[in-house]
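2 protein chains.
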Amino acid sequence: MSPIVNRFPGVVRQLREARGWSQEELAERADLNRSYVGEIERGNAMPSLVTINKLASSFDLLPSFLLARCEQH
Amino acid sequence: MSPIVNRFPGVVRQLREARGWSQEELAERADLNRSYVGEIERGNAMPSLVTINKLASSFDLLPSFLLARCEQH
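Protein chains in written order, with the working numbering: chain A, 1 to 73; chain B, 1 to 73.
If you're looking for bench data, these hints aren't it; they were derived computationally from the structure. All C-beta atoms in this analysis are idealised placements derived from N, C-alpha and C, irrespective of residue type, glycine included. Mixed in with the good hints, there may be bad ones.
To be verified - A short, non-exhaustive set of chain B residues, derived as facing chain A with CB atoms under 10 Å:
| no. | residue |
| --- | --- |
| 1 | Met1 |
| 2 | Gly10 |
| 3 | Gly38 |
| 4 | Met46 |
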């Protein structure tokens with residue numbers, strides 16, 4: 001799997017925890033199912049462009065910035 | 001649908017045509033099914049992070065840059 005795909009789960013978790021949010025709170029803000037957020041953070045679900053955009057805007061980030069975080073070593 | 005999701009199909013087509021590639025050639029470079037590339041360009045298929053990454057690397061771009069193109073007005 002490519003680095004960006006491998007890093008995405010950890011970056012979402014980092015951004016969520018940095019804001020002191022539970023998975024439930026992130027799911028609510030991103031209009032996603034709570035268990036799906038858990039699956040994404042465990043790397044068991046592959047987010048679509050819509051989901052990437054929902055997560056990014058709930059973190060108040062541009063989607064490109066969210067992916068750039070996943071491109072950093 | 002969000003702007004980035006709306007613009008993604010057109011940006012992929014622009015980047016492909018700028019390189020003079022057919023959909024077939026892009027599909028081959030990106031290790032994707034040709035008809036799926038057509039679906040993406042018509043906005044009928046929602047790409048996953050893996051597909052975004054495959055398309056970006058076939059264009060020799062970072063995925064974050066590909067999304068940034070979709071965030072421009």
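Verification of the supplied hints:
Proximity of Met1(B) to chain A holds as hinted, the smallest CB-CB distance being about 8 Å (cut-off 10 Å). A hinted interface residue such as Gly10(B) counts as satisfied when its beta carbon comes closer than 10 Å to some beta carbon of chain A; here the least separation is about 13 Å, so the hint is violated. This hint is violated: Gly38(B) has a C-beta 17 Å from the nearest C-beta of chain A, more than the 10 Å allowed. Using the Cβ-Cβ criterion of 10 Å, the hint placing Met46(B) at the interface with chain A is satisfied: the shortest such distance is roughly 5 Å.
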